[in-house]
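Colleague: So the protein lines, in turn, are chains A and B.
Everything in the first sequence is counted per the working numbering, starting at 1 for the first residue and increasing by one.
Everything in the second sequence is counted per the working numbering, starting at 1 for the first residue and increasing by one.
Hints listed in this document are in silico derivations from the structure and should not be mistaken for laboratory results.
Glycine is no exception: its CB is placed at the ideal position from the N, C-alpha and C atoms.
A hint or two may mislead.
Claimed, not checked - Per the computed footprint, the stretches of chain A lying under chain B, defined by three or more beta-carbons under 8 Å from a beta-carbon of chain B, are:
hint	segment
1	43 to 54
2	142 to 151
3	160 to 168
4	247 to 253
5	435 to 448
Unchecked claim - PhoX-like, lysine-lysine: derived pairs with alpha carbons at most 25 Å apart:
hint	chain 1	residue 1	chain 2	residue 2
6	A	Lys207	A	Lys166
7	A	Lys166	B	Lys232
8	B	Lys291	A	Lys491
9	A	Lys40	B	Lys291
10	B	Lys59	A	Lys89
One-letter residues, chain by chain:
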Amino acid sequence: MSEAVGATRTIYERSREGRRAFAPPVLDVPDVPVADLLPKGAIRRTPAELPEVSEPEIVRHYNTLSKKNFDLDTGFYPLGSCTMKHNPKLHERVAALPGHARLHPLQDPERAQGALELMWRLQGALGEIAGLPHVSLQPSAGSHGELAGLLLTRAYHEDRGQERHKVLTPDTAHGTNPATVTMAGYEVVKVGTAPDGGVDVDDLREKATEDVACLMLTNPNTLGLFDRNIREIASIVHGVGGTLYYDGANLNAVMGISRPGDMGFDIVHFNLHKTFTQPHGGGGPGSGPIAVSDRIEPFLPRPQIVRREGSNGSADAWFDLDHERPKSIGRLRGFHGNFGVFVRSYAYICSLGADGLREASEMAVLNANYLKALLGREGIAEHLPLAFDRHCMHEFVLSGTGAKEKLGIKTLDIAKRLLDHEVHPPTVYFPLLVDEALMIEPTETEPKERLDHFAAAVRAILEEAAEDPEVARHAPYSTPVRRLDEAGAAKRPVVRQPVP
Amino acid sequence: MSRYTSATDADRREMLDAIGVGSLDEIFESEIPEEVRLRRPLDLPPGMAEQDVNDHLGKLAARNTHCDDEVSFLGAGMYDHYVPALIDSIITRSEFLTPYTPYQPEISQGGLQVMFEFQTAISELTGLPVSNASMYEGPSSVASAGYLAKLETKRRRFVISRGVHPHSRETLATYAAGFGSEVVETPLDDAGATDVEALAAAVDDDTAAVFVQQPNFLGTVEDLGPLVEAGKCTGALVVCAADPLPLGILEPPGSFGVDVCVGEGQSLGNRLDFGGPSFGFFAAQERYIRKMPGRIAGETVDAEGRRGFVLTLQTREQHIRREKATHNICTSQALNALAGVIYLSWLGKRGVVELAELMLRRTHYARETLGLERINPGPVVREFAVRVPDLDGLFARARDAGINPGYRLGRDYPEYEDGLLVAITERRTKTQIDQLAALCTKGSDPLSVGDSRGLTP
Numbered sequence: 001m002s003e004a005v006g007a008t009r010t011i012y013e014r015s016r017e018g019r020r021a022f023a024p025p026v027l028d029v030p031d032v033p034v035a036d037l038l039p040k041g042a043i044r045r046t047p048a049e050l051p052e053v054s055e056p057e058i059v060r061h062y063n064t065l066s067k068k069n070f071d072l073d074t075g076f077y078p079l080g081s082c083t084m085k086h087n088p089k090l091h092e093r094v095a096a097l098p099g100h101a102r103l104h105p106l107q108d109p110e111r112a113q114g115a116l117e118l119m120w121r122l123q124g125a126l127g128e129i130a131g132l133p134h135v136s137l138q139p140s141a142g143s144h145g146e147l148a149g150l151l152l153t154r155a156y157h158e159d160r161g162q163e164r165h166k167v168l169t170p171d172t173a174h175g176t177n178p179a180t181v182t183m184a185g186y187e188v189v190k191v192g193t194a195p196d197g198g199v200d201v202d203d204l205r206e207k208a209t210e211d212v213a214c215l216m217l218t219n220p221n222t223l224g225l226f227d228r229n230i231r232e233i234a235s236i237v238h239g240v241g242g243t244l245y246y247d248g249a250n251l252n253a254v255m256g257i258s259r260p261g262d263m264g265f266d267i268v269h270f271n272l273h274k275t276f277t278q279p280h281g282g283g284g285p286g287s288g289p290i291a292v293s294d295r296i297e298p299f300l301p302r303p304q305i306v307r308r309e310g311s312n313g314s315a316d317a318w319f320d321l322d323h324e325r326p327k328s329i330g331r332l333r334g335f336h337g338n339f340g341v342f343v344r345s346y347a348y349i350c351s352l353g354a355d356g357l358r359e360a361s362e363m364a365v366l367n368a369n370y371l372k373a374l375l376g377r378e379g380i381a382e383h384l385p386l387a388f389d390r391h392c393m394h395e396f397v398l399s400g401t402g403a404k405e406k407l408g409i410k411t412l413d414i415a416k417r418l419l420d421h422e423v424h425p426p427t428v429y430f431p432l433l434v435d436e437a438l439m440i441e442p443t444e445t446e447p448k449e450r451l452d453h454f455a456a457a458v459r460a461i462l463e464e465a466a467e468d469p470e471v472a473r474h475a476p477y478s479t480p481v482r483r484l485d486e487a488g489a490a491k492r493p494v495v496r497q498p499v500p
Numbered sequence: 001m002s003r004y005t006s007a008t009d010a011d012r013r014e015m016l017d018a019i020g021v022g023s024l025d026e027i028f029e030s031e032i033p034e035e036v037r038l039r040r041p042l043d044l045p046p047g048m049a050e051q052d053v054n055d056h057l058g059k060l061a062a063r064n065t066h067c068d069d070e071v072s073f074l075g076a077g078m079y080d081h082y083v084p085a086l087i088d089s090i091i092t093r094s095e096f097l098t099p100y101t102p103y104q105p106e107i108s109q110g111g112l113q114v115m116f117e118f119q120t121a122i123s124e125l126t127g128l129p130v131s132n133a134s135m136y137e138g139p140s141s142v143a144s145a146g147y148l149a150k151l152e153t154k155r156r157r158f159v160i161s162r163g164v165h166p167h168s169r170e171t172l173a174t175y176a177a178g179f180g181s182e183v184v185e186t187p188l189d190d191a192g193a194t195d196v197e198a199l200a201a202a203v204d205d206d207t208a209a210v211f212v213q214q215p216n217f218l219g220t221v222e223d224l225g226p227l228v229e230a231g232k233c234t235g236a237l238v239v240c241a242a243d244p245l246p247l248g249i250l251e252p253p254g255s256f257g258v259d260v261c262v263g264e265g266q267s268l269g270n271r272l273d274f275g276g277p278s279f280g281f282f283a284a285q286e287r288y289i290r291k292m293p294g295r296i297a298g299e300t301v302d303a304e305g306r307r308g309f310v311l312t313l314q315t316r317e318q319h320i321r322r323e324k325a326t327h328n329i330c331t332s333q334a335l336n337a338l339a340g341v342i343y344l345s346w347l348g349k350r351g352v353v354e355l356a357e358l359m360l361r362r363t364h365y366a367r368e369t370l371g372l373e374r375i376n377p378g379p380v381v382r383e384f385a386v387r388v389p390d391l392d393g394l395f396a397r398a399r400d401a402g403i404n405p406g407y408r409l410g411r412d413y414p415e416y417e418d419g420l421l422v423a424i425t426e427r428r429t430k431t432q433i434d435q436l437a438a439l440c441t442k443g444s445d446p447l448s449v450g451d452s453r454g455l456t457p
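Model the full structure from these sequences, guided by the hints.
Modeller: The following block contains the structure:
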């Protein structure tokens, strides 16, 4: 069998009638005909066309597919805003313990004390890191945390008898922010960016009216810059009665250094899959807990994990699920959140402790500024100028305008050519504010040599383009497939295997 | 040097020189205003050696009673199914475990093809032509179907059967409060099935969507035909939440003409994990493909004409359309969906029928054998509800016998205060069912007095 053919076959195309991997358990109850147990109209007429494949071939199929993925355990992955830091191997082991992995979510709390204590401890640690005392672990991802934050904002205002309609987001915001605003029934009002890369405070002052429910902000922002006016921004928004929402996508820059609660934020979400090492899994699972201030606390989703003091003189505290929360916005999902992620993030916090978390953020900032310095040298900087020339936090943004104008290669071409250098490209074309943007986040777990290699690769691509821009324009060359026709895919969508 | 980093003192000096600063503090002091800098260490314990973290987590885990410690008839949305070993072997491969979303398709063909295969399997199970690459989990997928219906119809009401999972009903209400929709709940009939007349009466011209579940929360096999008809009479969308495994033998929601089928995917090769992470699925009629939430993988060709896969129809999504996106969801649950598609490949076309039939037969056997008053006396699969005269006593006796009898319905359904929901999977053998039945029988003997201590604080 030719691998060139085999490698692109789907599991359905490997199917042969009669093959199987599954052997059913023995039928130990009466063999009653299905027709006696189900009404005729409810019985499936045509079987679901699932593949018929033996176990060895299933394993080969997915192993073959895995080899067509680039992954963090293999190489440098400076994808801005995604915090692709090392995923410690211990975490997979402890998450797989049967006491975690085989625990039913509806187990009586009395018999799930270890899990509830872990969640309670994680809540406490996240609250301390955020500088906001009340935590709900329930949201499933950052975007889910954002939705929770705006629903909390709505509940808070309504509780005070106020109906507000607008949410402010800076023009540098992640796409999820404005999308969440719409989904939560609010109207987006964009706030501009000042020449130093922070929020345009004058524009904010003008747009901050009594109809503003909330300002959603990332700090450091998506340019990797810390907004020095944050206290003033907070006081403007609080001055008109709005809440301040902190998008925690960039929290990896400031653990133990600066806390959203101390900056004046009311609601924060964490991306446990970014800052707290849950493996990204090819796009999920994630987890997006939120921390909130006292005034938002009554509205948190239910149930909440609580610690109850021992009764009847017993000294032993115990942990419980509190459903009795009359002002709660309600559930955001089933059960208690992505517990398997909590185990990994809690293990991470235990491993690093207070000092280690701070040092992780410090190293993230050191690595980002070092790589920024390497890419700011002659031969690179004129083609990829910095969008905003300040010290950055954990990431920074370059503009590919120079390369486009002087070398005739776009940011997309640079990204594709980087694939041939065996590194993952940065986030490209975001933030939208910067033309031909490259957003680079190396994270703290990369050694200096990886950063040196990346800078050398960028330099080599630019030098090569000066000789012959066609090379980059048609890259990549060494990957399992070449550039793919995305427009064609969207025009005539083929989103499932045709089954005969 | 802290854990997982690697800068030596020499590295640091060289890097700071390259940056042109004397110390890292110089950066923080110039960029972060004094008044928002934390002037003390975080109030957290010091870091621990790996072996100590390992032991600490092991001790916490040991304080949980899990599904190998007892014979568990708990279900109600997540189920104790056997997860075959090949799933562990494949999903722990770093090439699946550690990449991010496949934004660079040339180096993500593995993940993208998995999504394409997943979409095909979900499409087959649900009987609907298009599926996305997965959602967070079940109940939020139900709520997301509501948002799609709101966008599609511009109407303001949702009608939802009381047979839909309580967490899904509550999540829909939470989401609906944001975008200003009203949720109306309709009752179950005396047989624990959705009351079709009450549902039909609740649907009006402002109804965006009608929600039912198959099998419903009590395990009742719903008669979907009349429910879909009742839902559609004013042009509302019909959304069916479904448990994917019984669809091996149940006529799929798609063939009754539902618009959207969503559900919780845990039962497909995912761990219980105390409730997550798992995945949700979202399948729909073709006409909704440009409004669906979430990632969708599509087939295409590369510059040399070779077959390949990409994320497609991204103009629905937040990173392109921002406030005009059809949903705010950013990612799929790729790793969990991978476990799902491996599981379905392992079961295969015949296995999914065999497994569902085994569950069906054991469910009916268990209901017969327990001999208790039935809340839903009609056809059931994987779960059924009964009234237990001495529920507290049963739980106390069962605990001593190492059995968890199931889910107490009282919190979610006050009308079934004495109700017990019993879940059956391929792991619950006849012997175990007979043991549970013996405990139930014992309870009906007036001479046997059980411990009346409740389990749910």
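Colleague: Each hint should be assessed against the structure and marked as holding or not.
Modeller: These are the hints, each one checked on the structure:
1. For the segment 43 to 54 of chain A, the stated coverage by chain B is satisfied: 10 residues place a CB nearer than 8 Å to a CB of that chain, which reaches the threshold of 3.
2. Here the segment 142 to 151 of chain A counts 7 residues with a CB under 8 Å from a CB of chain B, which clears the bar of 3, and the coverage holds.
3. Given a C-beta distance limit of less than 8 Å, the hint that chain B covers the segment 160 to 168 of chain A is violated, as 0 residues qualify and 3 are needed.
4. Here the segment 247 to 253 of chain A counts 0 residues with a CB under 8 Å from a CB of chain B, which misses the bar of 3, and the coverage is violated.
5. Here's how the segment 435 to 448 of chain A fares: 5 of its residues keep a CB closer than 8 Å to some CB of chain B, so the rule of at least three is met and the hint holds.
6. Restraint check for Lys207/A and Lys166/A: satisfied, since their Cα atoms lie roughly 10 Å apart, inside the 25 Å limit.
7. Distance check on the hinted pair: Lys166/A and Lys232/B sit about 35 Å apart at the alpha-carbon level, beyond 25 Å; violated.
8. Restraint check: the Cα-Cα separation between Lys291/B and Lys491/A comes to about 15 Å, which is no more than 25 Å; the hinted pair holds.
9. As the CA atoms of Lys40/A and Lys291/B are separated by approximately 35 Å, the hinted pair breaks the 25 Å bound.
10. For the given pair, Lys59/B sits about 19 Å from Lys89/A by alpha-carbon distance, which is consistent with the 25 Å threshold.
Consistency with the previously given hints fails for numbers 3, 4, 7 and 9, ordered from lowest to highest.
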